[in-house]
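Note that the protein sequences, when read in sequence, are chains U and G.
Okay, so the first sequence: first residue is 1 according to this note's numbering, each after it adds one.
Okay, so the second sequence: first residue is 1001 according to this note's numbering, each after it adds one.
Hints are computed from structural coordinates only; laboratory data are not their basis.
The reader is advised that the hints may include incorrect statements.
[Unchecked claim] Below, computed lysine-lysine pairings styled on DSBU-like, alpha-carbon distance capped at 35 Å:
1. G:LYS1056 to U:LYS57
2. U:LYS57 to G:LYS1052
3. U:LYS83 to U:LYS57
[Stated by the list, open to error] Among the chain G residues that face chain U by a calculated CB cut under 8 Å, a handful are:
4. SER1032
5. GLU1042
6. GLY1043
7. LEU1044
8. LEU1046
9. LYS1049
10. ILE1093
11. THR1095
12. ALA1098
13. SER1099
14. LEU1101
15. PHE1103
16. GLY1104
17. THR1105
18. GLY1106
Glycine included, every Cβ here is placed at the ideal spot set by N, Cα and C.
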Amino acid sequence: EPEVTQTPSHQVTQMGQEVILRCVPISNHLYFYWYRQILGQKVEFLVSFYNNEISEKSEIFDDQFSVERPDGSNFTLKIRSTKLEDSAMYFCASSDRRVSEQYFGPGTRLTVT
Amino acid sequence: GDSVTQMEGPVTLSEEAFLTINCTYTATGYPSLFWYVQYPGEGLQLLLKATKADDKGSNKGFEATYRKETTSFHLEKGSVQVSDSAVYFCALIDTGTASKLTFGTGTRLQVTL
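Same shape as in the complex, but just chain U:
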C-alpha cells in the first residue's frame, strides 16, 4: 500500500540554525500539507501546497518557514532560523483531491536546543 515517508525521523538542531524536513508524498497525489504537533497539544495546520504554490497557510507559517517541491517526488519544509518553540513533531500529508482524506507520514521530531 502506498504511504507517505518522512526523513529524518528525529532532528536535533541548535537555536538559530536552518533545518530542512523532507517528505515523499504518495505518488499520484496532488495536494500536500505540513502540520505540527507540539508535545501534548493538538495537531496544527501549517501550510497546504498545490500546483507548485502555497494554497493556504496558517498564522504559524511566518517568514521563517518555506516549502518547496524541488522535484517530482519530494516535498520539503524549511525553517530558516529555528527557535526553541519550534520543537515539535512535524507531519507531512498528501491527498488526491482538495477535499478528501489526507494520508500522513510518520513524522519528524524536531528538537531545538
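Knowing the structure of chain U, use the given hints to seat chain G on it.
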C-alpha cells in the same frame, strides 16, 4: 472559525467494554468529518470518515455517524481490545472554505486486561 471539541481523556476501559468518544464541531461551511488514530510512537492513521449528514463511517469495528442536527461525530466501538490503546483525533475539513484539517485535542484510550 472552524473548531472541533473532544472529550477529555484519558479514557480507561477494560477489554471488551463499550467505547464512546464524543466529538462536536463548528464549521462555517459544510464539513467532511474524520477520525484519525495515533498509536504509540507512530504517525496519524485515518480510521474512518463521513462526508454528508447521516453518513456512517466504519472501520475495524469502529463507527461514527455524521449528525448535522447536533453537529456531532461520536466514535463508538462495541468491544475494545488492548490493541486499540492509542490517541484518537476527531477532525474536519470545511469543504466550502479550505482543504486543511482542523483537529480536536485528541483523546487517549487505555484498554486493560
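Comparing the hints with the structure gives:
{"no.": "1", "hint": "G:LYS1056 to U:LYS57", "verdict": "31 Å, holds"}
{"no.": "2", "hint": "U:LYS57 to G:LYS1052", "verdict": "26 Å, holds"}
{"no.": "3", "hint": "U:LYS83 to U:LYS57", "verdict": "19 Å, holds"}
{"no.": "4", "hint": "SER1032", "verdict": "6 Å, holds"}
{"no.": "5", "hint": "GLU1042", "verdict": "6 Å, holds"}
{"no.": "6", "hint": "GLY1043", "verdict": "4 Å, holds"}
{"no.": "7", "hint": "LEU1044", "verdict": "4 Å, holds"}
{"no.": "8", "hint": "LEU1046", "verdict": "5 Å, holds"}
{"no.": "9", "hint": "LYS1049", "verdict": "6 Å, holds"}
{"no.": "10", "hint": "ILE1093", "verdict": "5 Å, holds"}
{"no.": "11", "hint": "THR1095", "verdict": "5 Å, holds"}
{"no.": "12", "hint": "ALA1098", "verdict": "6 Å, holds"}
{"no.": "13", "hint": "SER1099", "verdict": "5 Å, holds"}
{"no.": "14", "hint": "LEU1101", "verdict": "6 Å, holds"}
{"no.": "15", "hint": "PHE1103", "verdict": "4 Å, holds"}
{"no.": "16", "hint": "GLY1104", "verdict": "7 Å, holds"}
{"no.": "17", "hint": "THR1105", "verdict": "5 Å, holds"}
{"no.": "18", "hint": "GLY1106", "verdict": "6 Å, holds"}
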